[in-house]
Amino acid sequence: MHDDEPLTARALRLASESFLAGSGPGGQNANKVATEVELRVNIYALRLSPPVFARLRELAGSRIAGNGDLIVTSKAHRTQDANRQDARAKLAALLDEAQVQPKRRAKTRLNRVGKTERLKVKKGRAAVKANRGKPRASDW
Numbered sequence: 002m003h004d005d006e007p008l009t010a011r012a013l014r015l016a017s018e019s020f021l022a023g024s025g026p027g028g029q030n031a032n033k034v035a036t037e038v039e040l041r042v043n044i045y046a047l048r049l050s051p052p053v054f055a056r057l058r059e060l061a062g063s064r065i066a067g068n069g070d071l072i073v074t075s076k077a078h079r080t081q082d083a084n085r086q087d088a089r090a091k092l093a094a095l096l097d098e099a100q101v102q103p104k105r106r107a108k109t110r111l112n113r114v115g116k117t118e119r120l121k122v123k124k125g126r127a128a129v130k131a132n133r134g135k136p137r138a139s140d141w
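Using the numbering used here, read the sequence shown as starting at 2 and increasing by one per residue.
Calculated from the structure, these hints are not laboratory results. Take the hints with a grain of salt, since some may be wrong.
DSS-like mimics (lysine-lysine), calculated; alpha carbons at most 25 Å apart, straight line [stated by the list, open to error]:
hint, residue 1, residue 2
1, 135, 123
2, 116, 130
3, 91, 130
4, 121, 108
Computed Cβ-Cβ distance ranges for the label pairs, DEER-style [what the hints assert, rightly or not]:
hint, residue 1, residue 2, range
5, 130, 68, 34 to 42 Å
6, 45, 78, 26 to 34 Å
7, 94, 45, 30 to 38 Å
Computed from a predicted structure; not experimentally measured. From the three backbone atoms N, C-alpha and C, an ideal C-beta is built for every residue, glycine too.
Working from the sequences, and respecting the hints, build out all of it.
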């Protein structure tokens, strides 16, 4: 394994492919031809840095199995080759997105006038809500 090898190339080298009979409509072609592609890559074998690893786990969500396999499927096309290319593109996009560090949110500062205005609006909403509900005997 080379350290200068791009992450996508390393993931595609470590990936295992399997073909499944696609579900859904398609008639006889769907019943007899296994065109759906399932790519499996173990995310621990990719040796990602901790921040990239955390972002990948968050982005992938339920596509990560309990053993650490990232499962990417494609069944949009009628041919194995087109689905294989689509699954590889999905994997590459997912890995590229995980490598991008999100921009830090800049804290906003509120001036004194803004604070007093916000509190005035809050008091008004509180008064509206306080007047809701069943009328009491003391209101008559």
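Each hint, compared with the structure:
no.: 1; hint: 135 - 123; in the structure: 22 Å, holds
no.: 2; hint: 116 - 130; in the structure: 21 Å, holds
no.: 3; hint: 91 - 130; in the structure: 49 Å, violated
no.: 4; hint: 121 - 108; in the structure: 23 Å, holds
no.: 5; hint: 130 - 68: 34 to 42 Å; in the structure: 51 Å, violated
no.: 6; hint: 45 - 78: 26 to 34 Å; in the structure: 30 Å, holds
no.: 7; hint: 94 - 45: 30 to 38 Å; in the structure: 21 Å, violated
Violation of the numbered hints given earlier is confined to hints 3, 5, 7; the remaining hints are satisfied by the structure.
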